[in-house]
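Trainee: What follows is each chain in one-letter form.
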Amino acid sequence: MVEANTRNLTDTMSPTPSRAWPWWLSGTLSLVLIALLTALPMAVMLLEAGTINWSATTSNVFNQRVVTFSFVQASLSTILALGLALPVALALAHTQHFAGRNLIVTLFSLSLVIPTVVAIYGIVAVFGKAGWLSAVLALFNLEPIKLYGLQGILIAHVFFNMPLATRVLLMTLESISQNQWRLARQLGMRPLSIWRYIEWPAIRGQLPGLALLIFTLCFTSFAIVMTLGGGPRATTIEVAVFQALRFDFDINTAVALALVQLGICLALALLSTLFKAETGLGFETLLIRSHHAHKNYGKTHTTPWSGALHVAVNFVVICAASIFVLAPLLALVLAGFNDKTLWVLRDPQTLQAILNTSVAALAAATLAIMLGLGLLFSARHLRVRLNHERSGHGLQLAGNVILILPPIVLGTGLFLLLRPYADVFSIGLLLVILINSLMALPFVIRILENPVVQTARKHDALIRSLGIHGLSRWRFIDWPQLRSPLALAFAVSATLSAGDLSAIALFGSERVTTLPLLLYQRMGSHRLQEAAVTASLLLLLCLVLFVFLQWLIKGEKHAAT
Amino acid sequence: MLQLDQAYLSLGERHWTFNINLKPSCTYALIGRSGSGKSTLLNLIGGFISPDSGEISWQDHSLLQTEPAQRPMTTLFQQNNLFEHLSVWQNIALGIAPNLRLSEDNIDRVDTVIKHIGLHGYDSKRPPQLSGGEQQRVALARSLLRRKPILLLDEPFSALDATTRKEMIELLHTVISDIQPLVIMITHDVDDARALNAQVLNMQNTSVHLAAKSVNS
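Top to bottom, those sequences are chains X and C. Residue numbers for the first sequence, in my numbering: 8 to 568. Residue numbers for the second sequence, in my numbering: 53 to 269.
Watch out, some of these pointers could steer you wrong.
[Stated by the list, open to error] Not close to chain X: a few residues of chain C, all C-beta gaps over 12 Å, as computed:
id, residue
1, N151
2, R153
3, L171
[What the hints assert, rightly or not] Cross-link-like lysine-lysine pairs, in silico, BS3-like; alpha carbons within 30 Å at most:
id, chain 1, residue 1, chain 2, residue 2
4, C, K177, X, K561
5, C, K167, X, K465
6, C, K167, C, K177
7, X, K465, X, K153
8, C, K218, C, K167
9, C, K218, C, K177
10, C, K75, C, K218
11, X, K136, X, K153
12, X, K465, C, K218
13, X, K136, X, K465
14, X, K465, X, K347
15, C, K177, X, K465
To be clear, the hints were calculated from the coordinates, so they are not data collected in a lab. The C-beta atom is built at its ideal place from N, Cα and C for all residues, glycine as well.
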């Protein structure tokens, strides 16, 4: 037996086989690629900044107005969205049982999947001059509201952010523990005391982070301001950069404003780490999960909110919010079928745009997944095997670079960088893919982080003791476990990319269009029927991408799960 | 001989110096209060953590530069011994081929060990479909298949009910008598040690000179 042991020993002590690749390789590759895509354009911009006449730029009245307007509209949007979301969230929390509740709550999370330009079309169809609201107002001899300008921007921002805030607040409210409700019941608390001592303290902590998120989203909002704003009175920095670059060919102004935007975004990012606020992505990815009613919310013998007044108010609030969110979507779908439908479906430009959009979305999603997995696999080794939580987290943060470098700013840098060497517009689609992949990357990391790190943490000792690594680890351990979150990450990335207007607005041209750009152009030239069909097509494409990609990648479920 | 020579490790506030000599083909039961460093010792030997200084060797070859999978030992953990998404057969086969590419011979070996351990007909089941005892049986089957001269057991049966636990100890006893590895088992139960004819190692101080005592003496 001793002999057998020694024989075993000789083959078990064989030198470590050479590994397929070192653990840091994937992370380094991703990091280098991200750095090339962001640091180089930034450097060129900073070099260009030396030639800017800053005193002239800052004293320019237009520029001053743009910066002021950016702050004003973002602040107003934040206040309105949060102020309206609060009663809606409370009403939904207090009314846990009614038919269609889940549908309404799910509807409120659509803002992630619906492309901004598409929703804008719906908003125009409801609130515009020829829209439904004007028709209703006309019955009472009232003037239609002015959609273009500050009002329109605010309506659109509330349309996107009120539902987001509502779901976050609702989730917070529904996570109040059973113990607190038991206590409230014992003390016989009435709605006002419940609000003061239970609900408000629960929500209070979320508000700064949520407000900061909405402010940032509105501050950097591009498509909405470009379509509904414009002119010196309603232009944000993001749009002003775009206009300086594409319409005025005024590179100095573009770079100056881009740098201002960069500085503000950096400050906002710092502020959110200072608040220790959950970044927006945390909220938004949570929203993808399906919602279930919380049966025990505030459950006492009789619900504290069962009085007639409460019921009536809740009913009105929920109905109003639902109509506000649903009407534009309904208007859009209905408008999709019109005299021009067949014409648009046969129009070569539309078909080419559909093809471009699909290709760009799939390519950007693939790149985003590769970059994300590259970062995460190295971060996993750092965090799980080497126990370096902080450096692992640091590596992952590289994927969030687009949050401080908005697409238009990044695009300006890329434009400057590549202009001497290539015709920027002939490689437009490639640049769109690169920028869109960076825009999707934070979502990819957010969705995949837990599955990648937690499953590894659970089995790391086993994996090490069996010596599973490289391709075998991917094939037998990672892929089966990550398949379904990967499917979600890929679908979200592709959908986001397909609906993006910012990168294509900068690099699109006669030769290279995508559906969002085509839709923007058709809305801009008031070909509303064609725009309606285009919007419906884009919405359909996004839904197909979202559903089909997940179905394709997720595959069949395992028998055991 | 498995030797730990002045193996020093500090983890946060705590530190240990291990001086231990263990003989091949003997069974040792590692006993001590929770937090005394039993698992730490097993992790050191298994290669999941490295000592700050000192030496760990087997038959006079240093183990320090060797990855866990290349060490002459296999570990049965308290939990997470199996991948839930893989079948019983795959979980066991991973023990000899981390890429699941098996020769005909090895396929036979896997089949034999499955029969031997009393899991015939379970090949294509997945761990969540098995009871706790059956799961640890699968893990034990894999450890056997790996034919390493040292078997490390980190309380592998502590989560099982009394009857199953007794069965497992008996199974383990047969297995040990069959292939006679050096066994180090963490346990809280002196009965387990007795059932395996193990010598007891008692972890007490931060400076550990482990001397083995027979349970019956």
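Trainee: Against the structure shown, which of the earlier numbered hints fail to hold, in ascending order?
Mentor: 1, 2, 7, 13, 14
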